[in-house]
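Undergrad: One line per chain: the protein sequences are A and B, in this order. If you're matching positions, the first sequence starts at 1 in my numbering and goes up one per residue. If you're matching positions, the second sequence starts at 1 in my numbering and goes up one per residue.
FYI, nobody ran anything at the bench for these hints, they're computed from the structure. In this text the structure is predicted, and so the values were computed from the model without any measurement. Think of the CB as a built atom: it goes at the ideal place given N, C-alpha and C, for glycine as much as any other residue. Just to be clear, a hint being listed does not mean it is correct.
[Claimed, not checked] Straight line, CA to CA, 27 Å or less: simulated DSS-like cross-link-like pairs of lysine-lysine:
#	chain 1	residue 1	chain 2	residue 2
1	A	LYS99	B	LYS14
2	B	LYS70	A	LYS99
3	A	LYS99	B	LYS9
[Stated by the list, open to error] Pair by pair, the computed Cβ-Cβ distance ranges are:
#	chain 1	residue 1	chain 2	residue 2	range
4	A	LEU46	B	THR20	21 to 29 Å
5	A	GLY29	B	GLU52	28 to 36 Å
6	B	ARG108	A	THR109	19 to 27 Å
[Said to hold, decoys possible] Output of the computed footprint for chain A on chain B, the stretches with three or more beta carbons under 8 Å from beta carbons of chain A:
#	region
7	69-76
8	98-112
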Amino acid sequence: GDSVTQMEGPVTLSEEAFLTINCTYTATGYPSLFWYVQYPGEGLQLLLKATKADDKGSNKGFEATYRKETTSFHLEKGSVQVSDSAVYFCALTPTTDYKLSFGAGTTVTVRA
Amino acid sequence: NAGVTQTPKFRVLKTGQSMTLLCAQDMNHEYMYWYRQDPGMGLRLIHYSVGEGTTAKGEVPDGYNVSRLKKQNFLLGLESAAPSQTSVYFCASRMTSGDTQYFGPGTRLTVL
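Construct the complete structure from the given sequences, taking the supplied hints into account.
TA: Quick look at the structure:
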């Protein structure tokens, strides 16, 4: 079945550091890929998405590129802030389905 | 536009008690979902609905029941709560034609 694997955390960074969270997936066809973010005490919010190979999703300084050849959708940000401290989830939706499959989540803490 | 709301925000139950969690959305979305979030496991789908009057099982449906009597509401019931059901529960909704799910703020349930 479809599945998502993301790097385990927790990840602790200093402000202005570079952040990468690895995400790889297993799926048939061409799923849509997502990054959701969960700030402390809140629900999940869509951060960015990509729906086809080589698409780049971007939002709030975060980027991720849909790589079909490596079945990956790694999240990157060039200069993190304390306000980026959150749990980040990689997820996919198959083209023939309407359910989301989530990775386990990566907790990111940014220190001033 | 409130989006997706969940009631209650917190609840403590004793083993064997029953309760119902309410999810409401005001976006006229057809699809609605119930997830549970446990540490290190991401979000797992409990039940979902593709329209008023329809429900289907997700990945971890045992011990839960759902109903979708009105399009805007999706209820999750626990008939006889168990400590293994201690979790944070999230509701989400989605348009028929879209692929993005919108999440509620969550309900933190503790079963003693």
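Undergrad: Against each hint, give a clear statement of whether it holds in the structure.
TA: Hint check:
A C-alpha spacing of about 32 Å is found between A/LYS99 and B/LYS14, which places the hinted pair above 27 Å, so the restraint is violated. A threshold of 27 Å between alpha carbons decides the hint, and for B/LYS70 with A/LYS99 the separation of about 21 Å falls inside it, so the pair holds. Among the hinted pairs, A/LYS99 with B/LYS9 is consistent with the structure: their alpha-carbon atoms are about 24 Å apart, no more than 27 Å. In this structure, A/LEU46 and B/THR20 meet the distance hint of 21 to 29 Å, their C-beta atoms being roughly 28 Å apart.
For the pair A/GLY29 and B/GLU52, the beta carbons lie near 29 Å from each other, so the given range of 28 to 36 Å is met. Separated by about 21 Å at the C-beta atoms, B/ARG108 and A/THR109 satisfy the suggested range of 19 to 27 Å. Requiring three or more residues with a Cβ within less than 8 Å of a Cβ of chain A, the coverage given for the region 69-76 of chain B is violated, as only 0 such residues are present. Evaluation of the coverage hint for the region 98-112 of chain B: fulfilled, as 8 residues show C-beta separations to chain A shorter than 8 Å, against a requirement of three.
Violated hints for the displayed structure, listed by number in ascending order: 1, 7.
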